[in-house]
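All chains should be built: construct the whole structure from the sequences, respecting the hints.
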Amino acid sequence: MKITYRLNTKDCLIWEGDTLKQFIESVDENSVTHLGVSYNELQTLPPEIGALINLTELSVYYNNLQTLPPEIGALKSLTHLYAYGNKLQTLPPEIGSLKNLTHLNVYNNNLQTLPPEIGALTNLTELIVSRNKLQTLPPEIGSLKSLTELDAEDNNLQTLPPEIGALKSLTHLYVYSNELQTLPPEIGAFKNLTHLYVNNNELQTLPPEIGSLKNLTHLYVHDNELQTLPPEICELRDLRYFNTYGNEFEYIPVNVQNLINRLRNVNGRGPQYNDTQSVHKSSVQQSLKQSIYALMRD
Numbered sequence: 001m002k003i004t005y006r007l008n009t010k011d012c013l014i015w016e017g018d019t020l021k022q023f024i025e026s027v028d029e030n031s032v033t034h035l036g037v038s039y040n041e042l043q044t045l046p047p048e049i050g051a052l053i054n055l056t057e058l059s060v061y062y063n064n065l066q067t068l069p070p071e072i073g074a075l076k077s078l079t080h081l082y083a084y085g086n087k088l089q090t091l092p093p094e095i096g097s098l099k100n101l102t103h104l105n106v107y108n109n110n111l112q113t114l115p116p117e118i119g120a121l122t123n124l125t126e127l128i129v130s131r132n133k134l135q136t137l138p139p140e141i142g143s144l145k146s147l148t149e150l151d152a153e154d155n156n157l158q159t160l161p162p163e164i165g166a167l168k169s170l171t172h173l174y175v176y177s178n179e180l181q182t183l184p185p186e187i188g189a190f191k192n193l194t195h196l197y198v199n200n201n202e203l204q205t206l207p208p209e210i211g212s213l214k215n216l217t218h219l220y221v222h223d224n225e226l227q228t229l230p231p232e233i234c235e236l237r238d239l240r241y242f243n244t245y246g247n248e249f250e251y252i253p254v255n256v257q258n259l260i261n262r263l264r265n266v267n268g269r270g271p272q273y274n275d276t277q278s279v280h281k282s283s284v285q286q287s288l289k290q291s292i293y294a295l296m297r298d
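Under the numbering used here, the first residue of the sequence shown carries the number 1, and numbering increases by one thereafter.
Don't read these hints as lab results, they were simulated from the structure. All values derive from a computational prediction rather than experimental measurement. Note that beta-carbon positions come from the ideal geometry of N, C-alpha and C, so glycine has one too. Don't take each hint at face value.
Unchecked claim - With beta-carbon atoms standing in for the labels, derived distance ranges:
#1 21 - 202: 41 to 49 Å
#2 158 - 53: 39 to 47 Å
#3 40 - 250: 52 to 60 Å
#4 87 - 21: 18 to 26 Å
#5 158 - 87: 21 to 29 Å
#6 159 - 192: 18 to 26 Å
#7 53 - 208: 48 to 56 Å
#8 70 - 39: 19 to 27 Å
#9 70 - 181: 35 to 43 Å
#10 70 - 227: 46 to 54 Å
#11 135 - 185: 15 to 23 Å
#12 67 - 255: 48 to 56 Å
Here it is as structure tokens:
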């Protein structure tokens, strides 16, 4: 088996050996800062990996890993962990020991839960857990005060914990293609949020607190079960891309029509509304097709 190991930021070593364990035992453990063993059909990582105490980046994506060894918690210098495209069913609680971790990507695994210890990763800025089997996010996620991007799309989420409102640094929230029926009012606390993707869920309403997201530029709520939009949505003065296609709107409030008109002027496309009454169900779907979806798609 040929495996690539990056020993530091300048050198790249191609090593042919029998096992990863043998490699770890053959090198100066203190010299390894980057280790990449992706695309190697690995089923396990040896416990000896915990000896690489100066490791800052570990890439083990696209293997056949079902677990990560508890010894991974000894990698105190680790800042980037990429374990996507495996068969992970759980993350070890020892992951909470990775206090310097800033990027955690476990996309496309079989995770059903996240350990509560994930709340200890207070330096985490990017958490990608999309395409798993998560039904909930742990309340401890509210402790990730440095988080700027949370990507949890394509899971089985039915709710978002209210503790999510504590993520004051969040700029990007992707929770589309889940089973969400509501959004918590705490979502209004995301004062720095610029991108909110909640499309392809089962949302019937949007909370009025959404109007507090003053920095929001991208709002995608298409393919839900929305019947109307809250008037507070018109407080989103920085909004540039707004997709609502594929809902069951009964009417469009007049102030939302004005929002559509403003976005038309920004983007230079789509029809202008001059109505003084709400657009009702008889014409709403065609109106949305001609304006919001076509005019404001990214």
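task = Kindly indicate which numbered hints from before are broken by the structure, ordering the numbers from low to high.
result = none
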